Amino acid sequence: MAPNLSRFMQLYGYDLLLGSIAVFYVLMAPYTKVEESFNVQAMHDILYHRHHIEKYDHLEFSGVVPRTFIGAFLVSVLASPVVLAMNLMHLPKVYSLYAVRLVLCFLMLCTLRFFRIQIRKKFGYQVEAFFSILTAVQFHMLFYCSRPLPNILAFGLANLAYGFWVKGSFYAALRCLIFATIIFRCDMLLLISPLGLELLLSKSISLWKAIRTCIAATLFCIGSLTVLVDSVMWRRWLWPELEVFWFNSVLNRSSEWGIHPIHWYFTSALPRSLLVAYPLFLLGAFLDRRVLFYVLPVLSFVILYSKLPHKELRFIISSLPIFNMAAAVAASRIYWIFIGTKCENLSRTWYTYSFFLFIFLDSLRLMAFLLTRWSLVCNSRWNFLANSKDLNFSHFVGSYHIFSPSCHHVLLSGVGSMESR
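Per this note's numbering, residue 1 is the first one in the sequence shown, and the count goes up by one each step.
Since the hints were derived computationally from the structure, they do not count as laboratory data.
Keep in mind the model is a prediction, meaning the values are calculated, not measured.
Be aware that a few hints might be false.
[Said to hold, decoys possible] Computed spacing ranges between beta-carbons, pair by pair: (1) Tyr305 x Pro92: 26 to 32 Å; (2) Pro92 x Thr218: 40 to 46 Å; (3) Tyr12 x Arg253: 18 to 24 Å.
[What the hints assert, rightly or not] Here are the computed lysine-lysine pairs in the DSSO-like style, where the Cα-Cα straight-line distance is at most 27 Å: (4) Lys203 x Lys167; (5) Lys307 x Lys33; (6) Lys93 x Lys122; (7) Lys121 x Lys55; (8) Lys167 x Lys122; (9) Lys209 x Lys167; (10) Lys121 x Lys33; (11) Lys121 x Lys93; (12) Lys33 x Lys122; (13) Lys93 x Lys55; (14) Lys209 x Lys122.
Here a beta-carbon is modelled for each residue, glycine too, at the ideal position from N, C-alpha and C.
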């Protein structure tokens, strides 16, 4: 029994660690904000209205720009057995929101696991351990991995691309990023461009085979997936991400939602999200030349994105896994320098004092970490509109009609969409 448990923990221990933290975030902040409302409502309509497209909410409240239904279809299909069981037990619809968010979380953690396994094969078990620890102590990546945003759907494909990239399957990595660019987030073009350029300059891929691969993947995504599916759902010929690209990049209308200085990602977003991994990833690129090969394209992605006036952390969240990998390499090197080196000439007393000093400092660090994490969770919990007491009360008691139609699209977020129909 014990060997089996040890084997299980060796295989899935990190997944249990990251998964338990992500599930905790779902339970603490289950509701969503307006930018997540399309996918939440789309999942609701797919699960409850099914083939009756005329009842779907997006036909009446289309939003600023159209979005694809492909991600919502994938999550809804996987969550449908659970939702069906909930319906048979006559549970409130709000539990469907938990179901779809947990399914999305599971998918994202699976892609992160794939990337982590490739890190282990490339850099070793210790780097994998530090990668998992850094991911666990950070807040934003695990908090966002269950949020139904197009950025998060693209984040999952980026994780797959990173895994194939580290594995050496460069064309598969390009296909994943093209899929993410064409279907979920057109701005992933800012990642695939420097990555493709680096692969060409390093002679990791051939130009003509890369062109054939990219064209084939693009035509498949456009013709067989997004245009076909979304034209049916939106009842007009449509490539959603093309309209998003025109709105955000060509017309630069996204700046109407606020702007930040050009350095904001490097002076605010990345330090808050990476924490100690922020300086460590730069050190990792310096200590190991292999890491620089992976960091440069992703760093270029953030630099290119900094040119757009409207900035949010979720726009560059796909860069965090690579930065964590680089930081894990640096942490592994530091560990062996200061901890793993044997110092046989030092006295036992010195070791005793060092041990207790380490325990004391580590206890302080742990308390600071727990206080910071709890503060972030509480702030995020109350930052989401659908979690306010008034809104919760109005939805749970069934007084949905008190909201005016103009507020309906905003209040579709979270429990508003899953509970009101």
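Open item on the list: Run the distance test for Lys203 versus Lys167: straight-line Cα separation, threshold 27 Å.
Closed with: OK: Lys203 and Lys167 at ~16 Å, within 27 Å.
Open item on the list: A range of 40 to 46 Å was offered for this pair. Does it hold for the Cβ distance of Pro92 and Thr218?
Closed with: holds, 43 Å
TODO: For the range 18 to 24 Å, tell me whether the beta carbons of Tyr12 and Arg253 fit it or not.
DONE: Violated, at about 45 Å.
TODO: Indicate whether the distance between the beta carbons of Tyr305 and Pro92 respects the range 26 to 32 Å.
DONE: For Pro92 against Tyr305, whose Cβ atoms are near 40 Å apart, the range 26 to 32 Å is violated.
Open item on the list: Hinted pair, alpha-carbon criterion (27 Å max): Lys121, Lys55. Please report holds or violated.
Closed with: violated, 49 Å
Open item on the list: Run the distance test for Lys93 versus Lys122: straight-line Cα separation, threshold 27 Å.
Closed with: Violated, because 45 Å separates the two Cα atoms, which is more than 27 Å.
Open item on the list: Hint check: Lys121 vs Lys93, CA-CA at most 27 Å. Holds or violated?
Closed with: Violated: Lys121 and Lys93 sit about 43 Å apart, past 27 Å.
Open item on the list: Next pair to validate is Lys121 with Lys33; report whether the Cα-Cα distance is within 27 Å.
Closed with: Since the Cα atoms of Lys121 and Lys33 sit roughly 39 Å apart, the hinted pair is violated (cutoff 27 Å).
TODO: Measure nothing beyond the straight line between the CA atoms of Lys167 and Lys122; if it is 27 Å or shorter, mark the hint as holding.
DONE: Since the Cα atoms of Lys167 and Lys122 sit roughly 7 Å apart, the hinted pair holds (cutoff 27 Å).
Task: 27 Å limit on alpha-carbon distance, applied to hinted pair Lys209 and Lys122 - done: Roughly 25 Å separates the two Cα atoms, so the pair holds.
Open item on the list: Hinted pair, alpha-carbon criterion (27 Å max): Lys93, Lys55. Please report holds or violated.
Closed with: holds, 17 Å
Open item on the list: Please verify whether Lys307 and Lys33 have alpha carbons no more than 27 Å apart.
Closed with: Judged against 27 Å, a Cα distance of about 26 Å means the pair holds.
Consistency with the previously given hints fails for numbers 1, 3, 6, 7, 10, 11, 12, ordered from lowest to highest.
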